[in-house]
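Heads up: the protein sequence lines correspond to chains A and B, in order. Last residue of the first sequence? That's 629 in the numbering used here, and every number before it is there in order. Last residue of the second sequence? That's 674 in the numbering used here, and every number before it is there in order.
Check each hint, because a few of them may be wrong.
Below, computed lysine-lysine pairings styled on BS3-like, alpha-carbon distance capped at 30 Å [what the hints assert, rightly or not]:
#1 K487(A) with K117(B)
#2 K532(B) with K514(A)
#3 K514(A) with K117(B)
#4 K567(A) with K517(B)
#5 K517(B) with K573(A)
#6 K567(A) with K228(B)
#7 K403(B) with K514(A)
#8 K31(B) with K487(A)
#9 K227(B) with K567(A)
#10 K31(B) with K514(A)
Hints were generated in silico from the structure; no laboratory data involved.
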Amino acid sequence: MAKFSPTIVGFACNWCCYAGADLAGTSRMKYPPNLRIIRVMCSGRIEPQFILRAFKEGADGIFIGGCHPGDCHYVSGNYKTEKRVYLLKNLLAGLGIEPERLELNWVSASEGQRFADAVTQFTERIRQLGPLGLNEPADALVAAS
Amino acid sequence: MAKSAPKIGVYVCHCGVNIAQTVDVKAVAEYAMTLPNVAVARDYMYMCSDPGQDLIKKDIKELGLTRVVVAACSPRMHEPTFRGAVFGVGMNPYLFEMCNIREQCSWVHTDKVEATEKAKDLIRSAVARVALLEPLEDRYADVTKAVMVVGAGIAGIQAALDIAEAGHKVYLVEKEPSIGGHMAQLDKTFPTLDCSACILTPKMVDASRHPNIELLTLSTVKKVSGFVGNFTVTVHQKARYVDISQCTACGDCAKVCPQRMPNEFDLGLSTRGAIYQPFPQAVPAAFCRNEEQCLGSLPLACGKCLRACEKHCVDFDQKDVDREVEVGAIVLATGMDVFDATTLPEFGYGKYPDVLTSLEFERLCSAAGPTGGHVVRITDGEEPKDVVFIHCVGSRDKAVGNEYCSRVCCMFIIKQAHLVKDKLPDCKVTSYYMDIRAYGKGFEEFYDRVRDEGVMFKRGKPSEIFKRKGKLVVRVDDTLLGKVVEHETDMVVLGVGLVPTEGHRELAQTLKLSLSSDRFFLEAHPKLRPVDTNIEGVYLAGCAQGPKDIPDTVAQAKGAASSAIALLNKGKVKVDPIVAEINEEACSSCHICEALCPYQALVYDEQKHVMTVNQILCKGCGVCPSACPSAAITLRHYTSVQIDAQLDALLRKAVSSEQLAASSSGTEA
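Isolated chain B (complex conformation) (with noise of 0.2 Å):
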């Protein structure tokens, strides 16, 4: 078959000024006609744009182009609408390539001068590589129409309910024996002060009893494989020794068991014991036992639960089970923990009592709480005169590695301030903060509404708190009076910022996720893709991806189950056609590449005596031909051939009539 040549259409965008005002494009324009193959070369203000798209199709219609670049902004911003330009005029949209003249050049550098040198080469380089690429075909793989969604806050308890109603199966994951979150914790909720429990209690209940949820609780993700549409994931169920089934919830099994333990959900502010239920709406509504404080089931140790228990629900034989689930995509919600408060001794946390945690805080004004709402001192019980809250603690704290603002803390401090003021009129309040962010919906009349009630807000982030004569004092440099004030009070309460949950560092390493400076999870884009991950058909909701509050999380989590709706719904996945292939005549059947596969995609054929590629579970990572000796393997779009040619012409070398040859591409029908 005769190879004729390519004939290359080069389109560099201006993208408003955003490339124009650092590389000449005019100039690199004309540049790219002198390079080889290539039939026209033009400029425009926007080649993403409708009118630019068109320049496109019509050249190919026109001149023939059997190939196109595109140089603007970055592969990973506008690839897929290129591709989807070309192949839309009948082109594979293989031969398509993106040469990325914003991101990495015009943004970068000032000396317009070398930027369009810069831009020269970069396109020399993406027209060289353009000549030789091969058409693909898209490949595409059923969906399993379930969802897994891991954490059961408000985020995943929305984002189930949404997906469950639309149909899909959903496996709600949560670690701890109850659904409910960290809003199951709280009593009212800013600026609207509705009650926590009492909006969130339907939804648990409603999740545990929707026909498509399937509740998983005390369980974790251990292992993900899989891929968009097709994941398999490894949960980790830990053994309950409860009968989830049976349980009434009665408590007689409670009331027994002599062991006295802190307990979590209170944080510590109350006890309960090593069988217990975490809180009275706890969903499922059935107790769970702790195998590390329990002191075992033998007559001598103990086992006075196993006979209080009338229906005989509790069972010390129940064993830690792995079970694998497939589903076709998976939504994020594993929320976040409020600050270690102990890592600033400055302020006593830890050391004095009476110094608590907004959290903790949260707990005493609870009905539910350990003091049944009542704000009281832990050290007397007595109701304090004077309360403090001190703002941003461990939040935008470069010193502490928080850099971040908490976003809801400003907030719920000012909510507590007021839950004071509203139980005890009498009692002084007042709050030192850096800056009051009071940005959402009713916030800034909210804080209004608070300062009218007497909470003093006063400018300065304490420095210290010390003990004397019996009484807190917390040191502050007040930068309204402009000195430092001493500030005798008898309950100081730290606003503590929020920070990734437990685990999230091992989670996003299993689905290989990545996290963003701050270390919640990073979207796929900060503006236009705030659910999406890098990993196609994961997804985030709720603070998981960053501190926010509960409108926003609802919100998130909406979003999040809308893109496992619809990706569910479509039915198929388009599988990237980018994989490794072997040349069966120059394999050796060395192994090498055998070895170095992650994905256990390089299989030996006994009968051939050659290794072949499972190109359902190859993913194109390229690591087995950048090691085979015999240079038997290619990854398709990325083949040595073309990466040759690539860095030639980055190195001011024309590519070769041996390289055109040497690769299949160069003929055309």
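If we strip away everything but chain A, and leave its shape as in the complex, we get (with noise of 0.2 Å):
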């Protein structure tokens, strides 16, 4: 059987992570490609709905990148970040989704390796968790038919 390749969608800042893993690109760091992001200018921007519809629609886990604490490009949006991911978290796990499928992580615009290292890990984990499978019956209803 062949090794299982998750579906990850991330979403990363503008100017931390999403810098972070520009520089890790042109630094030539390499990481796993099963990540697919998403820009957005704050993490603060992220809707908790979209963490939701992306589990609904296929993802098997989801990678929020923001500044660090205190860094915020935007004062304070990486705080309403952690808040939002804490309480999703535990809607994840009343859901019966592992909480550990959505990760939150800090990387500044200078962490390329940590952004590599982040990924590499966070892909690894969602590796050993296995397809997240909310979609399975309805594909079996379209093979079926």
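Could you use the hints to bring the two separately framed chains together as a complex?
Spelled out as structure tokens, the structure:
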């Protein structure tokens, strides 16, 4: 059986994490290709609804990257994200989704290596957890029809 | 109004081989053709080149494209380039979307199949997003014709002079009582052996006399608000307790002061009173009183300076003040500190008085220094017969958290070794180094000259300094000899590296600037924007951005000044149209958003009973729409509908017609 290749969606703030991801690229650091990033200006823009929607539509893991505490380009957006992620993790657990599938990490614009390491570790964690499988019954129906 | 489907053009860049060697760009372009609403998809060697941009412009004109996606490098790199290109042929620049398949795809993956699949996913997502983007209008704001320069070492002084010469008002902010910075402490400069004070002092005087420069000494930046062209800076100015306009620096006050305190300017190698002038050439030429060290004004306690000053300049009632200043740009020239050598106890700094840092040794060499320029041992005042210099103390050392090279220390030490030979020709001088980095103009020649003067350069990093029979002993693994030697000496100079100044991180947080991994300020681009920061209108000069020598510092200061001048001369700045909007019908006036906004941009309209957005104050972070329980707030360019579509497309779900309909952007004229 082929090794499970998880689908991972990322949200990265423009000023810190996205820039850190760019630096990882400029420095040619390598990490697994599973992650696809959506750029937002601030991690505070990430609606809880986006996370739930991504899981519902087939993401096996979601990686959120923001600025380090105190470094937010918009003063305090990352603190709001931190609270939302905390609440979301509780909600996910209640829905039967492992909270570890949602990762919040702080990556500054100068931390290309930290970004590459974080993505590598997170991808491996999701690989261990296996597919989320929320859509399996529907897929099975489609296959049967 | 009838809605017509958008016509999207997709352009996949090879970036030479940067993208093409890991991503099958032809396959990706062919795939893009199959996506909904895509009218044309092409691949090209360099999309950012003129012919590449012309390709897009031609298609917009000939095929009537209404949206454009470029899959190439990071939007942080070339988004402005392509927005400009589409705008050039009449398309709204916000109907352009950049898809990052280089920094976040081809450069970080090795498997061509997987990287190509990822590129396809990212383009599918970008195409879904671009279909839903809405045209936005740029707004413009006036620029305040003044600049704040923070830090008045050689970098800040040079930047201030250039900006002032261009005819703009400059506020030059310095935390110390005098401007001049570290350069004022130096005796000679490498490799030309210019007298540091002789070349710096005239600039200090020019800065203080320039009609466009206002000096704010004993001052620090407390708060910054606003945006490019329109910053409001709160400066905290400590009381000097001496009337700067009256003081003639006669020194009568200091003569009677009974207190003796270590003089910071001489790094504690000399003393000063509680009322003092840090050094004779200080600018402004006025004394300054340290409140904590002063015994007080009551006749019983002291108050001698009050009575000694004939002009009555001493004023114990002065208070610290906070002052608000409006500026269009900010230049950060906050400089550096030297590495704290007590962090490395093996070198005995702080324990043995004859182990000095290179900056302390510089004060010993200076004619204006504590010994009048005589190189003598601190312990007995005798001239040393043997001096050892140690390179890379606190630089290139992961153990102390400073992996970087401080760039100036090699030459600084070579110069000091020369000064010893110059003053004490019979003194034996040995320099223990890891590598000699003599990379600048005239550096290698100077290194050769100093070797010819008899200074011994030995490769090895000393492991320990201890005392034996009253002599200092340096234990070092001489890697050229291949053995451990114990070097008996009279005096050791530690070539300490450079570190960010105290309060550097707090200033970064106040301004929302990023720091690089060495903890100095991070520039906007390491190669092409070394003077800019990620905050528009804030520029860097000198060691605040990283260790550098005086010529590099001056060059960068001139660069920062010209960037600020260009901004001020333009007179207008573009204000991002990406701000929040409120759907008044949906707003239930719950006020949740009001408390979340860090800029107080959300204001309650008492008449309509809804929240409103102050579009000048709003910075477009999107914290409020993410929290609105009524979904009444939309962040332009990052709407929920747009992000949902991106997400769905990433996860292999086509954009639904409902989503297209939900966005007014489906409307084409």
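Right, here's what the structure says about each hint:
{"no.": "1", "hint": "K487(A) with K117(B)", "in the structure": "18 Å, holds"}
{"no.": "2", "hint": "K532(B) with K514(A)", "in the structure": "22 Å, holds"}
{"no.": "3", "hint": "K514(A) with K117(B)", "in the structure": "13 Å, holds"}
{"no.": "4", "hint": "K567(A) with K517(B)", "in the structure": "21 Å, holds"}
{"no.": "5", "hint": "K517(B) with K573(A)", "in the structure": "29 Å, holds"}
{"no.": "6", "hint": "K567(A) with K228(B)", "in the structure": "26 Å, holds"}
{"no.": "7", "hint": "K403(B) with K514(A)", "in the structure": "23 Å, holds"}
{"no.": "8", "hint": "K31(B) with K487(A)", "in the structure": "28 Å, holds"}
{"no.": "9", "hint": "K227(B) with K567(A)", "in the structure": "28 Å, holds"}
{"no.": "10", "hint": "K31(B) with K514(A)", "in the structure": "24 Å, holds"}
Hint violations for this structure: none, all hints satisfied.
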